[in-house]
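Here the working numbering is used: the first residue of the sequence shown is 26, the next is one more, and so on.
Hints in this document: simulated from the structure, not taken from any laboratory. Keep in mind that this is a model prediction, so the values were computed, not measured. Each hint should be verified, as a subset may be incorrect.
Stated by the list, open to error - Restricting the straight-line Cα-Cα distance to at most 30 Å, the calculated cross-link-like pairs of lysine-lysine (BS3-like) are:
no.: 1; residue 1: Lys-122; residue 2: Lys-57
no.: 2; residue 1: Lys-84; residue 2: Lys-59
no.: 3; residue 1: Lys-84; residue 2: Lys-64
no.: 4; residue 1: Lys-64; residue 2: Lys-122
no.: 5; residue 1: Lys-59; residue 2: Lys-122
no.: 6; residue 1: Lys-122; residue 2: Lys-84
no.: 7; residue 1: Lys-57; residue 2: Lys-84
Claimed, not checked - Have a look at the derived ranges for each label pair, beta carbon to beta carbon:
no.: 8; residue 1: Met-107; residue 2: Asp-65; range: 29 to 35 Å
no.: 9; residue 1: Lys-59; residue 2: Leu-131; range: 20 to 26 Å
no.: 10; residue 1: Pro-111; residue 2: Ser-56; range: 16 to 22 Å
no.: 11; residue 1: Glu-47; residue 2: Thr-91; range: 24 to 30 Å
no.: 12; residue 1: Leu-131; residue 2: Gly-58; range: 34 to 40 Å
no.: 13; residue 1: Asp-87; residue 2: Glu-46; range: 17 to 23 Å
Even glycine gets a Cβ: it sits at the ideal position worked out from N, Cα and C.
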Amino acid sequence: MTAVECTKISCAFCRDICLIEEVLGIQIRSSKGKLSIVKDNQRIGCSLNAVRAMCYFCKMQDCLVTTSEIEDYVWQGRIVGMSSLPVLIHEVRRLIKPGPYEIVTLRNRGFVFHNVRNKRMIDQELEE
């Protein structure tokens with residue numbers, strides 16, 4: 026698997042923003058230098074890092090991504106504290122709920138972003 030990189034300074038001008046809207050049904054808006062999402066006709070403030078993380082997860086659906094891969098994509102080499110990633114994952118989970126997608130933690134390995142509906146369909150097919 027090749028590394029995925031974010032090359033934009035501002036998510037508001039990135040063509041990959043369409044991917045978040047397509048996959049999650051969430052619109053990203055920028056007003057007065059602050060990012061927010063529009064979901065179910067409600068505007069919710071969010072961080073640039075949360076938008077970058079959502080973008081990365083949408084690109085890497087159904088793939089195991091390590092914590093270092095997420096950190097490299099979101100923070101682009103900047104040094105961050107140990108609590109930064111768990112706080113970020115919590116924020117993204119809050120922003121994408123309720124919805125068909127979830128972030129699953131695989132302890133000591135990383136995370137998987139997947140569509141819960143597809144997983145249930147696959148589980149049902151295996152049972153039959």
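Against the structure, the hints:
For a cut-off of 30 Å, the pair hint linking Lys-122 to Lys-57 stands: about 26 Å separates their Cα positions. A distance of roughly 24 Å separates the Cα atoms of Lys-84 and Lys-59; the hinted pair therefore holds under the 30 Å criterion. Distance hint between Lys-84 and Lys-64 is fulfilled; the C-alpha atoms sit about 20 Å from each other, no more than 30 Å. Distance check on the hinted pair: Lys-64 and Lys-122 sit about 10 Å apart at the alpha-carbon level, within 30 Å; holds.
Taking the CA atoms of Lys-59 and Lys-122, the gap is near 21 Å; set against the 30 Å cutoff, the hint holds. Of the supplied pair hints, the one linking Lys-122 and Lys-84 holds, its CA atoms being roughly 18 Å apart against a limit of 30 Å. For a cut-off of 30 Å, the pair hint linking Lys-57 to Lys-84 stands: about 28 Å separates their Cα positions. Roughly 34 Å separates the CB atoms of Met-107 and Asp-65, a value that falls within the hinted 29 to 35 Å.
The supplied range of 20 to 26 Å is broken by Lys-59 and Leu-131, whose beta-carbon atoms lie about 33 Å from each other. Remark: the range hint 16 to 22 Å for Pro-111 to Ser-56 is contradicted by a beta-carbon distance near 28 Å. At about 25 Å, the CB distance of Glu-47 to Thr-91 agrees with the hint of 24 to 30 Å. Between Leu-131 and Gly-58 the C-beta distance comes to about 36 Å, which sits within the given range of 34 to 40 Å.
Taking the beta carbon of each, Asp-87 and Glu-46 are about 19 Å apart, inside 17 to 23 Å as hinted.
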